Amino acid sequence: MLDGGTPAAPGLGKALLDWYRRCQRPLPWRGERDPYRILLAEVLLQQTRVAQAIPYYRRFLERFPTLEALGRAPLEEVLRVWQGCGYYARARNLHRLAQQTRTLPSTYAGLRKLPGLGPYTAAAVASIAFGEAVAAVDGNVRRVLSRLYAWEDPPPKRLQQLAQGLLEGALGWASPGEWNQALMELGATLCTPRRPACPRCPVERFCRGKGEHDRYPLPKSRRQKPLELTALVLRGPAGVYLEPRPEGALGGLWGVPMAEGPEGLEQLLRRFGLKEARLVGGLRHDFTHRRLQVWVYQAPWEGGEDPKKRPLSRLDQKILALLGAT
DNA sequence: AACTCGGGGAC
DNA sequence: GTCCCAGAGTT
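The UniProt record's numbering puts the last residue of the first sequence at 326; the count rises by one with no breaks.
No wet-lab data here; the hints were simulated from the structure. Incorrect hints may have been included.
[To be verified] Derived EDC-like pairs (lysine to aspartate or glutamate); straight-line CA-CA distance at most 20 Å:
{"id": "1", "residue 1": "K157", "residue 2": "E168"}
{"id": "2", "residue 1": "K308", "residue 2": "E77"}
{"id": "3", "residue 1": "K225", "residue 2": "E168"}
{"id": "4", "residue 1": "K308", "residue 2": "E243"}
{"id": "5", "residue 1": "K220", "residue 2": "D153"}
{"id": "6", "residue 1": "K309", "residue 2": "E132"}
{"id": "7", "residue 1": "K14", "residue 2": "E204"}
{"id": "8", "residue 1": "K309", "residue 2": "E152"}
{"id": "9", "residue 1": "K225", "residue 2": "D286"}
{"id": "10", "residue 1": "K309", "residue 2": "E204"}
{"id": "11", "residue 1": "K318", "residue 2": "E260"}
{"id": "12", "residue 1": "K275", "residue 2": "E260"}
{"id": "13", "residue 1": "K210", "residue 2": "E152"}
{"id": "14", "residue 1": "K220", "residue 2": "D286"}
{"id": "15", "residue 1": "K210", "residue 2": "D153"}
Remember, predicted model here, so these are calculated numbers, not experimental data.
Working from the sequences, and respecting the hints, build out all of it.
Below you can see the structure in the form of structure tokens.
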């Protein structure tokens, strides 16, 4: 409960819970009991905003209503439903999980062993679906606690202890799942990164970082490295030539042939026995840590297939859209 | 501990 | 343009 001399202020828990029960956003997975659906929501929400996750949540459940249905489906079909959502390892892990287990474990320890379930997601599912008293610490909770205790860069371990102490202190009037979600909801709707709505915050009077939200937590800078790519769209009567992306980045998805660097075009031409290709245009695409400049070339081809039948990344969709080849 | 992995929305 | 989102896995 105590962590470096930062006890939970009395009254904080109740204030937060009252607010949460009144003001929570109506989301498709609110009140959900099916552990599979709760798990799906949590995985979709990994590094993904609620608004973006919702349509995928609905579509995914429509196509794979149960863990069994997911396990029976081919990976490529799972990825096709996931396409455009990013972080495709989530879909691969979820599919692998569904093939491993028909029934989800009901404890944090059991869930934690499953592919794609890290500390946060295992805790979220354990608490929300099974009522286990374990704190789920995500980016929201990290920010809320950092501000609440005016702690610029709280170490992950301390943060977990702090959140666990708060949760246990709140057990008298909140279920573990409800408490975890209340803390996250606060971070997602009021205690936001840029301009927090402190006047509307139910726990403002407990907040030691109030008025200095930009210090808590300290922003971590990350820089993007520029990368130049050449893409070759081979167009034939039946569509375009597609190939599976190599393992690693975008693994499991398909796309048009691409090569890195200034020699990219020559490599591609050599690879397909072509003399020339026509430059159709360029586009930019950002990954979290990369800034891509893509030069798109086009050449005639004999074969090809319908791109709609393959799972494609947003990057490849952009490339194909550039030529109207979708 | 430091990288890598998507995509998009808010500002 | 920048930041970061209901993070996890690998090195």
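Each hint, compared with the structure:
no., hint, verdict
1, K157 / E168, "holds, 17 Å"
2, K308 / E77, "holds, 12 Å"
3, K225 / E168, "violated, 43 Å"
4, K308 / E243, "holds, 13 Å"
5, K220 / D153, "holds, 10 Å"
6, K309 / E132, "violated, 42 Å"
7, K14 / E204, "holds, 13 Å"
8, K309 / E152, "violated, 48 Å"
9, K225 / D286, "holds, 10 Å"
10, K309 / E204, "violated, 52 Å"
11, K318 / E260, "holds, 18 Å"
12, K275 / E260, "holds, 19 Å"
13, K210 / E152, "holds, 13 Å"
14, K220 / D286, "holds, 18 Å"
15, K210 / D153, "holds, 16 Å"
Violated hints, in rising order: 3, 6, 8, 10; the structure is consistent with all others.
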